[in-house]
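Just so we're aligned: 90 in the numbering used here is position 90 of the sequence shown, and the numbers increase by one with no gaps anywhere.
Honestly, the hints are just simulated from the structure, not real lab data. A virtual CB, placed ideally from N, CA and C, is assigned to each residue, including glycine. Keep in mind that the hints are not guaranteed to be accurate.
Mimicking DMTMM-like on lysine to aspartate or glutamate, the simulated pairs with C-alpha atoms at most 20 Å apart in a straight line are [unchecked claim]: (1) Lys83 x Glu140; (2) Lys380 x Asp357; (3) Lys334 x Asp468; (4) Lys216 x Asp357; (5) Lys83 x Glu174; (6) Lys358 x Glu187; (7) Lys172 x Glu140; (8) Lys343 x Asp357; (9) Lys404 x Asp309; (10) Lys158 x Glu174; (11) Lys317 x Asp382; (12) Lys216 x Asp236; (13) Lys146 x Glu187; (14) Lys358 x Asp309; (15) Lys216 x Asp352; (16) Lys172 x Glu290; (17) Lys400 x Asp221; (18) Lys172 x Asp82.
Label pairs and their calculated CB-CB ranges [as the list claims (entries may be wrong)]: (19) Asn141 x Gly383: 46 to 54 Å; (20) Pro451 x Glu114: 18 to 26 Å; (21) Arg487 x Glu398: 21 to 29 Å; (22) His355 x Ile311: 15 to 23 Å; (23) Ser490 x Ala424: 19 to 27 Å; (24) Val391 x Thr478: 26 to 34 Å; (25) Gly448 x Ile160: 28 to 36 Å.
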Amino acid sequence: MKKKIFAVAFFAAVLGGGLSAYGIYRFAAPVGTDIVQNKEKGKITTSDKTGYTFASEQMRQEGFPDLTYAAEKSVPAVVNIDKREIVTTDGGIFFNDPFLEMFGFPQGYSQPQEQERRSGGSGVIISQDGYIVTNNHVVENASTLKVTLSDERSFDAKLIGTDPTTDIALIKIEAEGLPVIPFGDSESLRLGEWVIAVGNPYGLTSTVTAGIVSAKGRNLDVIPDQFRLESFIQTDAAVNPGNSGGALVNTAGSLIGINTVIKSPTGSYAGYSFAVPSNMVKKVVVDLMEYGFVQRAIMGIGYSEINDDFIEARGEKLGITEKGGLYVGTVDEKGAAAEAGIKVGDVIVAIDGVHTDKSSSLQAIIAERRPNDTITVDVKRDGKVKQFKVVLRNKAGEAKLLDKNSVDVVASLGGKFADLNDKAKSRYKLSYGVQVTEVNGGILKRAGVRPGYIITHINGVAIRSTTDLNRITNAVQTIDGMYPDGRYVSYSIVSADK
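Model the full structure from these sequences, guided by the hints.
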């Protein structure tokens, strides 16, 4: 089916959770075990890593880490991903001179040109029959994907699904009996623990670097998605462009992260690298395989870290003098937290026994859950700590999983959005709406929507905030709204046979 978008405009005088058993056993072997190849499709067996000897007994006795086992087991399961992307360049004026036109020189505009752009990164094989996890930014907008294994065999790859909010993607090649890296438990990582970063950048076949876990739960605001979820593992293992999507592995040879970001003034490694934790990756991967999208759990609150800046700016007014916890600033009246009894002014100090002094801690916990999962939230209120059982909901506000026909409206629209503040509502004489701040693809780009457009309705449903935008799960059929100059514009999307 081909999508056609029609715009109708008229002018107005007035301005307007938990992983399934299937997912666990398909992808992961217990930490400290080897995966044994099994010819029966879809089956993974394990065996104890007994009989393993250190490369240097003296190194072991002296307390030095031996990383040879982890490296040797990981390198065969890390692949190179080659992305080809078709980019259309705008046309332009190639002559616009009346004098030259008199002598027969052609005048007019050049046609848009299509060019092929090549890029890529690394990926990690997580099942013997060809499922590979990588970064979303490695495969985004690909026209074709090609995977090269460490033994130099090459395969065309199919995109299974992506999750821009965590920068994780799942692809697949048609192959059997592939080497894999089993998932480990990223939550059990300790600061100072030795890890290795394994990549397969173009032209180098494989790279292995070592370092320690420097920090956990880093939030850098670097994933280019409005609803980003970040809780990075920070290491000092050297990672450079081309290693994106590669494996972060512990000394037992288990996958504990997907290398994603470097923080550097030059764009190359300068001491810090960051990986998406394996527990978050595992949840995303299982959802992408089973549903084609991520079953995102939502608590329904807005919150702020209670740190020095918070206390200086708001502490006296709110009566908060001590750092620690997350201040609940807003509560969705139709959300999971409100239903459980959490209120504005509460301070969340722990979830399921995990302290929440950082926003990234809460994000990581919720990112690993599914709608209808129950969490225990410790809340400080009036000087006392109370516990609440919160049943998480989906983006439509229901305590159940979304079905496979559900649509990620924000992703399909292809843009970034902002709620209208009171000043903007007064200026445009609107009581509600969501403004398009950026257009980067999808329906908005195909329709010719420009930044500044204010969406008031989608499929006839009022869009009062970005929360309402996220709650829509049906395919977009109509978009209604207005531009800042007062033009009301409606867009209708219809399907037609090819």
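Going through the hints against the structure:
| no. | hint | result |
| --- | --- | --- |
| 1 | Lys83 x Glu140 | 9 Å, holds |
| 2 | Lys380 x Asp357 | 13 Å, holds |
| 3 | Lys334 x Asp468 | 11 Å, holds |
| 4 | Lys216 x Asp357 | 13 Å, holds |
| 5 | Lys83 x Glu174 | 17 Å, holds |
| 6 | Lys358 x Glu187 | 15 Å, holds |
| 7 | Lys172 x Glu140 | 15 Å, holds |
| 8 | Lys343 x Asp357 | 18 Å, holds |
| 9 | Lys404 x Asp309 | 43 Å, violated |
| 10 | Lys158 x Glu174 | 9 Å, holds |
| 11 | Lys317 x Asp382 | 15 Å, holds |
| 12 | Lys216 x Asp236 | 12 Å, holds |
| 13 | Lys146 x Glu187 | 33 Å, violated |
| 14 | Lys358 x Asp309 | 13 Å, holds |
| 15 | Lys216 x Asp352 | 18 Å, holds |
| 16 | Lys172 x Glu290 | 14 Å, holds |
| 17 | Lys400 x Asp221 | 29 Å, violated |
| 18 | Lys172 x Asp82 | 13 Å, holds |
| 19 | Asn141 x Gly383: 46 to 54 Å | 52 Å, holds |
| 20 | Pro451 x Glu114: 18 to 26 Å | 25 Å, holds |
| 21 | Arg487 x Glu398: 21 to 29 Å | 36 Å, violated |
| 22 | His355 x Ile311: 15 to 23 Å | 18 Å, holds |
| 23 | Ser490 x Ala424: 19 to 27 Å | 21 Å, holds |
| 24 | Val391 x Thr478: 26 to 34 Å | 33 Å, holds |
| 25 | Gly448 x Ile160: 28 to 36 Å | 31 Å, holds |
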